[in-house]
Amino acid sequence: MVIAFYIAVAVALLATVLVITGRNPVHALLYLVVSLLAVAVIFLLLGAPFAAALEVIIYAGAIMVLFLFVVMMLTVGSGETAAPLLRPQAWIGPSLLAAVLLIELAAWLALGMPSHGQAHPVAPKAVGTALLGPYLLAVELASMLLLAGLVGAWHLGRPDDSAAPQQQALS
Amino acid sequence: MTAVPADHALYAAAALFALGLIGVMVRRNLIFVLMSLEIMLNATGLAFVAGGARWGQADGQILFLLVLTLAAAEVAIGLALLLAVHLRVGSLDADQLSRLRG
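Protein chains in written order, with the numbering used here: chain X, 3 to 173; chain A, 95 to 196.
Since the hints were made in silico from the structure, they are not lab data. Don't take each hint at face value.
[Stated by the list, open to error] Covered stretches of chain X, going by a simulated chain A footprint (3 or more residues, C-beta under 8 Å):
1) 91-104
2) 131-138
3) 142-153
For each residue, glycine too, the CB sits at the ideal point set by N, CA and C.
With the rest of the complex left out, here is chain X (with noise of 0.2 Å):
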């Protein structure tokens, strides 16, 4: 079972090169997504539950969907990305990849959820544990880093107002 772990290394690193050799932003997109998940099913073999789950929801789930509205925004009204995107080698070569993660996680499960990093899977309760006791600290901070990325992608963002400061000023 050792050799999923080889496996899931294999296949992010394919998906990895097909990403920086990619053409198409749209297509690089779905293979860095297979990417991210490989890297999760890593984690679940290295047995870190936890972070395999935030792995999927926040990296291949948030992160990527931010990335995709901004590809579709940039390329609105060029219609070129919308239709070879349903040809089958746009998504045949991301769907196998998938696919055998897919097989390695049904693997994982029927073997009875073996870990391979240590004798003990850390659990998420372990991680919370420490996460609000001395590592409260770096919460807080990660929170700061927050609130200053989304200040500052609304600044980056707005409308470029340059040529109406005095309603600015005065609203």
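Put chain A on the given structure of chain X with help from the hints.
Below, chain A without anything else, positioned relative to chain X:
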């Protein structure tokens, strides 16, 4: 049952990081540069989790969580900058952004 050697997980993290670094240096499209940055941050997270799994401590996963927060903030700012660049320059080619003669 034999365990995965911890250094093999670190080798995988190093390979992912190197691939991301190559992507940052080689690609000129800013979207691909941001994606490669994500790959690099993800590789550091993998190294943290591998270290935490090696010693059986929760600290690795906590540092992965902090890296995740950093990646989320970075990608929000980066994509906002990318949209601003697209608005002002009309292109996502990093070589076009040479008005400062850098």
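Under a C-beta cut-off of less than 8 Å, do 3 or more residues of the stretch 91-104 of chain X approach chain A closely enough to confirm the stated coverage?
-> This one is violated; 0 residues, fewer than the three required, reach chain A with a Cβ under 8 Å.
Chain A covers the stretch 142-153 of chain X, three or more CB atoms within 8 Å, holds or violated | holds (count 6)
Has the stretch 131-138 of chain X got at least three residues whose CB is nearer than 8 Å to a CB belonging to chain A?
-> Holds: 4 residues of the stretch 131-138 of chain X have a Cβ under 8 Å from chain A.
Violation of the numbered hints given earlier is confined to hint 1; every other hint is satisfied by the structure.
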